[in-house]
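> Sequence:
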Amino acid sequence: MRKKTLVGVAQLRSVETHGPAQKNPRGFSLIELLVVMAVIVILVSITSWGISLANTSAKTTRCANNLRQIGIAFHRFQHAFSKTPDANTVLNGLGEYLETQSLIYVCPAVPKAALGINVSYGVNPCVHRLLAESAKVVALDANADTLDYEGLDTALWETDTAPRHLDMMNVLFYDGHVDRHSVEELNPYAPTTGEQIRTARWKPDVGDCQCSNSYGNGYGLLGEYWANPNEWTGPSVQRIEPSIYFPFGAAGLYGVPYNIPLPGATADNPYPLKTAKFRGQIKADSSEPYTFHGCSDNRVWIFVNGTQVLETQMDGAGGVMTWFASTTPVSLVSGRWVDFEVRYLEHGSGSPSHLMVQWSCPSSPTRATIPTSNMRPARK
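According to numbering that gives the first Met the number 0, the sequence shown is numbered sequentially starting from 0.
Hints listed in this document are in silico derivations from the structure and should not be mistaken for laboratory results. Treat the numbers as computed from the prediction; the structure is a model and nothing was measured. Treat the hints with caution; some may be incorrect.
[To be verified] What follows is a set of in silico ranges between Cβ atoms, one per label pair, in the way DEER data are often shown: (1) H78 with T326: 28 to 36 Å; (2) C208 with E183: 19 to 27 Å; (3) D152 with T60: 28 to 36 Å.
Where is the CB? At the ideal position from N, CA and C, for every residue including glycine.
Work out the full structure: start from the sequences and follow the hints.
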């Protein structure tokens with residue numbers, strides 16, 4: 000009896016030890032997996048947004064520091080020379096007063112593709128007339144080197160300014176402090192507040208200043224025409240040209256009636272046209288190298304930012320219909336205005352005359368006419 004009892008106990012313990020077979024745990028349902036994935040996506044988005052915001056904030060801070068350093072150099076210049084530097088000096092002549100010169104004039108928010116430019120800040124063109132006016136603008140984020148507060152319009156103002164920091168601009172004021180403002184807050188062309196803004200933020204309190212960076216209203220280029228025998232000298236007739244592709248016609252070879260604003264010229268005869276200039280600024284729609292093309296009867300010169308990029312000279316019916324291209328492309332930055340000038344010369348006043356200028360770039364390799372909205376005229 001004792002032996003059987005022991006066996007029974009052993010069997011009981013064996014059953015207690017192993018127990019019933021365990022079932023496999025249940026897997027995640029499709030809905031649960033989708034919920035988990037959604038949570039992960041949200042977390043990644045929040046993290047990416049946070050990183051992007053931090054990066055944007057860092058660039059804004061570095062940009063403000065750039066302007067503060069320019070402000071310090073601005074005041075050092077004042078103390079050294081007992082006068083306020085003009086706009087050109089602010090942009091180009093403060094080097095020895097700057098603590099560091101490594102990309103100090105380039106906002107960190109400017110795309111890397113545009114880093115071929117030296118300056119991404121615009122200066123008050125009458126800054127040299129300011130006298131201890133702490134609330135007046137010295138410089139700010141911009142696509143133009145100087146910012147006219149008179150003589151333009153809201154469209155050009157919005158093109159010239161550059162709200163790179165969450166739709167805001169860093170602004171250096173006369174007393175050296177830097178704040179952020181929207182384009183509209185400093186818009187001297189605003190319909191209802193423009194005059195008040197112009198007086199409070201831009202215009203010197205004392206002294207006359209011609210607010211001009213040499214560019215006028217509207218779009219196109221300033222065309223200047225001289226009659227035979229004058230070559231870019233003496234009295235001229237001026238008008239705004241919406242295009243430099245047949246700006247005055249080409250009746251002789253292309254069937255485009257002449258439209259020359261000189262007394263005596265007709266739709267069929269260009270006489271007395273001898274020379275012409277077309278001046279102002281142009282801007283590109285994309286940041287890349289641009290090639291300039293010219294075709295003329297007889298000579299044409301093209302200048303970008305004061306540098307000659309193309310000169311052509313042809314005679315004869317076949318030769319004057321030949322297109323020439325600049326050998327060295329010019330790097331332009333999207334939305335940034337650069338000085339532009341075209342000069343034209345007719346060898347034999349009264350003979351057929353024409354002028355065509357176009358441009359091309361890697362993203363648009365076919366020659367094209369520069370749009371009217373991408374040109375603005377020099378002041379008369």
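> Take the hints in turn and mark each one as holding or not.
Hints, one by one, checked against the model:
1. H78 with T326: 28 to 36 Å: The hinted range 28 to 36 Å is violated for H78 and T326, with Cβ atoms some 47 Å apart.
2. C208 with E183: 19 to 27 Å: 24 Å, holds
3. D152 with T60: 28 to 36 Å: 33 Å, holds
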